[in-house]
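Protein chains: 2
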Amino acid sequence: MNEISGNKWVYAFDEVDEAQEFMNGDWDGVRGLLGGKGANLGDMTRIGVPVPPGFTITTEACNAYLQAEGTFPDGMITQVSEKLRKVEETTEKSFGDPDSPLLVSCRSGAKFSMPGMMDTVLNIGMNDGVVKGLIGLTDDEHFVYDSYRRLVQMFGSVVLGVRDEPFEYVLEQYRDRRGVASDSDLTADDFRSITEEFKAIVERYAGRSFPDDPAEQLRLAIEAVFRSWNGKRAIDYRNAAGIPHDLGTAVNIQTMVFGNMGEDSATGVAMSRNATTGEPHLEGDYLTNAQGEDVVAGIRTTKPMDQLAEEMPDLHREFSEIAGRLEQHYREMQDMEFTIERGKLWILQTRNGKRTAQAAVRIAVDMTDEGLIARNDALMRVTPAQIDFFLHPSFAFEAKKEAKDEGRHLATGLNVSPGAAVGVVAFDADLAERWANEGKDVIMVRPETKPDDVHGMLACNGILTSRGGRTSHAALVARQFGKPAVVGAEELSIDLGERVLRVGDRVVREGEEISIDGTNGDVIVGVVATQTPDLENEWLKKLLEWADEVRDIGVWTNADYPDDARVARSYGAEGIGLTRTEHMFFDQSRLPIVQKMITATIPADRSDALEQLLPFQREDFAGLFRAMDGLPVTIRLIDPPLHEFLPSFEELTTDLTDLKIRIQSAGSLKEINDLLSKIEEEEHMLARVESLRETNPMLGLRGVRLGIVLPGLTKMQVRAIFEAACLVADEGVDVHPKIMIPLTAHVNELARQRTELEEEAKAVMAEKSIEVSYEFGTMIEIPRAALTADQIAEHAEFISFGTNDLTQMTFGISRDDAEKAFLVQYLEEGILDANPFATIDADGVGELMKIAVEKGRSTRHDLNAGICGEHGGDPDSIALCRRLGLDYVSCSPPRVPVARLAAAQAAIKEPLD
Amino acid sequence: MNEISGNKWVYAFDEVDEAQEFMNGDWDGVRGLLGGKGANLGDMTRIGVPVPPGFTITTEACNAYLQAEGTFPDGMITQVSEKLRKVEETTEKSFGDPDSPLLVSCRSGAKFSMPGMMDTVLNIGMNDGVVKGLIGLTDDEHFVYDSYRRLVQMFGSVVLGVRDEPFEYVLEQYRDRRGVASDSDLTADDFRSITEEFKAIVERYAGRSFPDDPAEQLRLAIEAVFRSWNGKRAIDYRNAAGIPHDLGTAVNIQTMVFGNMGEDSATGVAMSRNATTGEPHLEGDYLTNAQGEDVVAGIRTTKPMDQLAEEMPDLHREFSEIAGRLEQHYREMQDMEFTIERGKLWILQTRNGKRTAQAAVRIAVDMTDEGLIARNDALMRVTPAQIDFFLHPSFAFEAKKEAKDEGRHLATGLNVSPGAAVGVVAFDADLAERWANEGKDVIMVRPETKPDDVHGMLACNGILTSRGGRTSHAALVARQFGKPAVVGAEELSIDLGERVLRVGDRVVREGEEISIDGTNGDVIVGVVATQTPDLENEWLKKLLEWADEVRDIGVWTNADYPDDARVARSYGAEGIGLTRTEHMFFDQSRLPIVQKMITATIPADRSDALEQLLPFQREDFAGLFRAMDGLPVTIRLIDPPLHEFLPSFEELTTDLTDLKIRIQSAGSLKEINDLLSKIEEEEHMLARVESLRETNPMLGLRGVRLGIVLPGLTKMQVRAIFEAACLVADEGVDVHPKIMIPLTAHVNELARQRTELEEEAKAVMAEKSIEVSYEFGTMIEIPRAALTADQIAEHAEFISFGTNDLTQMTFGISRDDAEKAFLVQYLEEGILDANPFATIDADGVGELMKIAVEKGRSTRHDLNAGICGEHGGDPDSIALCRRLGLDYVSCSPPRVPVARLAAAQAAIKEPLD
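So the sequences go chain by chain: F and D. Just add 255 to wherever you are in the first sequence, counting from 1, and you've got our numbering. Just add 255 to wherever you are in the second sequence, counting from 1, and you've got our numbering.
The hints are simulated quantities; they were obtained by calculation from the structure and are not laboratory data. Careful, some of the hints might be misleading.
Identical chains share a label here; the pair holds if one copy fits it or two copies do between them.
[Said to hold, decoys possible] List time: in silico DSS-like cross-link candidates among lysine-lysine, alpha-carbon distance up to 30 Å:
{"#": "1", "residue 1": "Lys851", "residue 2": "Lys1017"}
{"#": "2", "residue 1": "Lys933", "residue 2": "Lys851"}
{"#": "3", "residue 1": "Lys925", "residue 2": "Lys263"}
{"#": "4", "residue 1": "Lys915", "residue 2": "Lys341"}
{"#": "5", "residue 1": "Lys599", "residue 2": "Lys558"}
{"#": "6", "residue 1": "Lys659", "residue 2": "Lys558"}
{"#": "7", "residue 1": "Lys695", "residue 2": "Lys705"}
{"#": "8", "residue 1": "Lys1110", "residue 2": "Lys656"}
{"#": "9", "residue 1": "Lys387", "residue 2": "Lys599"}
{"#": "10", "residue 1": "Lys341", "residue 2": "Lys558"}
Note that the structure is a prediction, hence the values are computed from the model and not measured.
Build the full structure now, drawing on both the sequences and the hints.
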């Protein structure tokens, strides 16, 4: 605590300059001394905004009071009296004077906002005499007694600690007697006798009478606010919000103003710009002859601000001018409370306004164009999550509320991929695809999804599962393709036999409509109306262009299909950082060939299958090259374990059990024979599945290991890539393939693959007589690869961090199992700050990445480095990648605009030397 | 090539000093110039060993010849003639003189031994005239013509390039005609006419006649040896062995001596010490009146060297003296070839002798005691593998050979745990245990083993599986307990139903005897006699004591049972580095309680089970503490995933299928009811197993994660440890528990466990009123833990590298799957130099360990660090751990002596600053 300040405990609102001087000009210090609200009121006063006069008792006074265990510091009360006198002079009213009574509010106001955590007393200064005077002045008994009974209750409960129940009981009895639902429908007489009963309650429960002396009212109110700093609620809040306990609260004493003093009075709330669209036009609601609560309560129909221009043109003009001044001052869109008391405009509060994503973007851009803020400010004002919003439809707020009110809310799951989706329920991928092809909107619903469900997931509008976590297959694929998804909705019981889903005795049949909200996890029966913001939004485009000028790290995309690539490019992707060639294998027309290749027992069969796959792959790659004309396309050779392409062990054993049971009761010889041959067939498949089964498939035969064990596969893929490259080059496409080896652990794996690859590439280019320049590189997704990146870089021209697997291995956590088993508990209990699959673990995985970049560039100084894991679209992870000196991040197409902004923000926050 | 040496191409054996001077004293240079054999012959000559006189043509001459494309360098032939003249003078014989003919051999001799890769010609100097003279001198026409026909054939094939077939065809005809099997049974006359026929063959196929002129014979032989340097065989050999191609070969011309010139002649091979036992006594075999080949061929019964002392006492004495001199000179046990020609002893060759492990140890120790070598030399002369041999019984060589000759060899598998074992076949763990308890020797035979087979594995003499690799469960457990084991013997087909194993149509039934050799993987039907070397061997003890004085890294042991601990301590273990508490859970008396704990659905049931486990665990720990009185005991809290304690998913589903099929044909209501209740029971277990199933269990819910998710378990284990510690402390035992947390990834996990642990430890010590000092630490087995060891060390007083898991995660290889899938191929194709599960991967895993030690000690400078993975017993890994500054390695008990030596060798090889 500052000793010198011992003398000055109270600052009038118009003494804010003095306070700032005392704090050596530091505005944050002023906020510490006067609290956020007090500083703000002073600030507004300073720039000439009409604020009801008042003064602030400092946080230091509060701390001194608390330390002295309930004694005001020397001189404080004297200073309060002086400042109060000044207010009386300004307002030409007098505290406790029935002829011209000054009423004040007494509110807490700490440095950091702690909404609802501390206390407020309004209407201080009323007593029986003042009430009479006020009635004379306002000719509004109802208003005066209403105010009086409020003061007694508020004072009783906040200052004297009387519980609310007895007050509420009295009100209830009056309402019953009058047969009304709302207190405001009680009469002036009612309020007068209620006030008397309230005084009796205070006397009885507090053991003292309600003080008639306004000065005593004020003194006790100040003490109550000071004490509320150490109230249980406030301490809990500070613990939760991480606010220090020794800051103390300031107390603001301010003249009460009333918007309900006749038709020349009004009260309202207004935004300096449209909070929904961002349009630069004053927006808000007001009521004439009303109190602030009335505007919020919605009992009376409010009027739009434009009407004020007609009703009180001067005041509207004054208000517009003030709103402009506040925007200029705070360089932000303002959310203002105002009251007009008998033709005089007062601003009670201003703060930065909340707004929709669209408004945030437009306001940031407009303000920049208006010269109000700099481009970098604009970029910092929009959150990456707001950009994300532009990419997904959302439910119209009213429509959703209505649906919930109608009891159509079915369940809540994890909100893993944002956006709203509506469609008919389909319980399997094939049906989802078929219905989608028929033009239906479909929600695919499964207990959980698997790689061979992907065609259905691609075709549908949204995905709903009853199992799985944020990193489940369904969640990953949904985010990848920007499909709204809700997973792990455990209330749902899905019966795939009966083709229904149930929650309790509610039943939704296949083909019936549901709505899912991937933004917050809601599942709703029937249709909820959606709205889609516009990615072509001119302000968004402008903002993202600015982001591109500022950012110093590339933004690429992960895309497996030409359509994906085109979308990503339209979103601003500067290249493809990852094409998962195996995703193409899951296509229904190819899977049988892939399975034939895998289950082949003689090499010739395998070669046949590979030869059949070649034209498919070539066409896939050609499509990608065409879509990315002029930009790099990174193609990863096959990665997943082969068993992923086959039916699951469990499925096969269940089928077999079934067949064996059925054969027991088979009726005819033919039936027995059919079943036997089916059993034989399934047993053959089971044998192959069993031979490929692995205890820990994540660490098994996949990635480059497959390429080495099955050299024909690598060869086919390389041939397809180069045949496609030659083909499109011939069409005039500017093609830049980058060939990426997955799961490298040892430099020798890379050396081997490179030799094979170069041979095949040369052969194809010779056949086609076309030279295509290409790069050779590897994923870094195994810790060893990161640790030996100096060796790796001997052969790799680029590296790309596969942070999903790198996180799994570095952290020793299996993505498929962890959430269910312990990760959620770890996050809940604070053992981990963040889910390492959402945000790169900087200390562990980030450290490995740092080692890899440094070692890799020690061998090859221009080693190109990027990231293509899920983290590539996460703002914190993007900032980390930039600090590590990566050249680009690659993320799913819908994350591209998000990443562009996040990258710009990182560059602004931490300029590199 | 050295220009100055241009003048001197030939060195007589007694000019070795001159050669060494020319090489500035560098003996390696002399070997380069004269070849290994030539340098050695010169060296022996120099120290006065009677070597048949001769000279060496330098490698430089060879290179000059090859470079000049077949022209001898200037002066070389003249120098050869001069040296030859000197030999004639010394031997008082003359080249080509029928009255006293000098015969010489002409052999290649490169710097590095390339056995059999280059050419040799013997008996040079014979022609028809010389032959006549020799017959007169030796009176042995048979010997002379035998030698002559050998010269013609050898010369014809080696020098003139005639293929062997025509020569062999002639010999065959003569043998047929005489009806004999061996050439030596042909008569002198036969050899004479054979010689004539051979000359005709030479004439016909080489297009020139066999040269009569001895000088021409010699010149052509020298050329042939020179040319043989670039023969295909030699080039291939050098490529394979990594020998440079520009070294060239030297040529040694040496006087022929003959042990078959009468009863005063002999030939033999002898070791300067006993190669089996190491006794310091001349050992060997010889034959009088015989040629060198006869000793090796085994046609005549050889005599032991002791008999030479009786037959030719002076020569025996001379030979003993020479053997001593050679040992002194080479400071190694020598393996010598000698010939006695008419009472004159000649040493033809000496080299370091091969020996058994026992002999190696004794000789190294004896030579040190004799002052011949230093202690460090002794330590370097014994390989860690030889120490290993002392710990395991082995099959007597003869007995095994006999068994193989009898066709009893059944199969060969992987030699994963050394030693020989004989016993009756038991096909399951329970039977193995029961029979072992009845005093039978048992070999447990399974397709593969699982954790709940451990009781059988402990009880049996040896383990045989038909599946699995070097790092399979069977292999790991076998090595841990020093049980001989052969795994992955894929020829075996094991029928657990019929209780037989089959190879083709061979059948071994349960209860029949087999023998397995874990040292080389052999599986043999019936009994093979074994022999057990003695670990109490006085020389071994002495050597290991010396090792302890030299080594600068501790050797601890991994032990789970008091018996293990005692054995390890007797082997020299200085502490327990790892106790796997879960191994105790697999005991048959405890497994049901453990399963109850896991399948408990209400907390009270779980607590009950934990309470029942407590006394067991306490007794386990007390036993360990007693066995290790005064030494540290590191106890790791429970590590494996819980499903390991339950029946497998596959087992349960198979059982259930079976039950469901049986119920179809059930006869009575009772039977149906029994089956139904069994199905219900199994389905309950299956549900729990399914809920615990993980896609990648290695990265799942285990280690510290279990401790956090099931806090009662940690608490029980900690209580058991401290109750045990207090108990034995009360008995006067000096107890040093170290409590180790497994699978830590994040410092917060450690912090959490530490708090819980300290609370419980304090509670127990307060209850018992005993203070036990203990340490708290963690395994480092997840890459992230290594990367954040600075944070980890805030809470850990010690760290221990779990290099098995660390290798799995750093390398991204699942130990359970890798060998089958690709690791073997990687090793075969040289993608990896070594199996990373056998020897720590220095570049990857080692780098992480380095980071961990450095970071850990940056926080806590005295952080105690060790290793407790399988690698702790591997010499290369021990050397790495020492370089990284670890305090100790911990290995399975049988590896302790091996580790002691390996650690000493590392300290000798790389002295630290």
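Requested in this report: Of all the hints given earlier, name the ones this structure violates by number, lowest first.
Outcome: 3, 4, 8, 10
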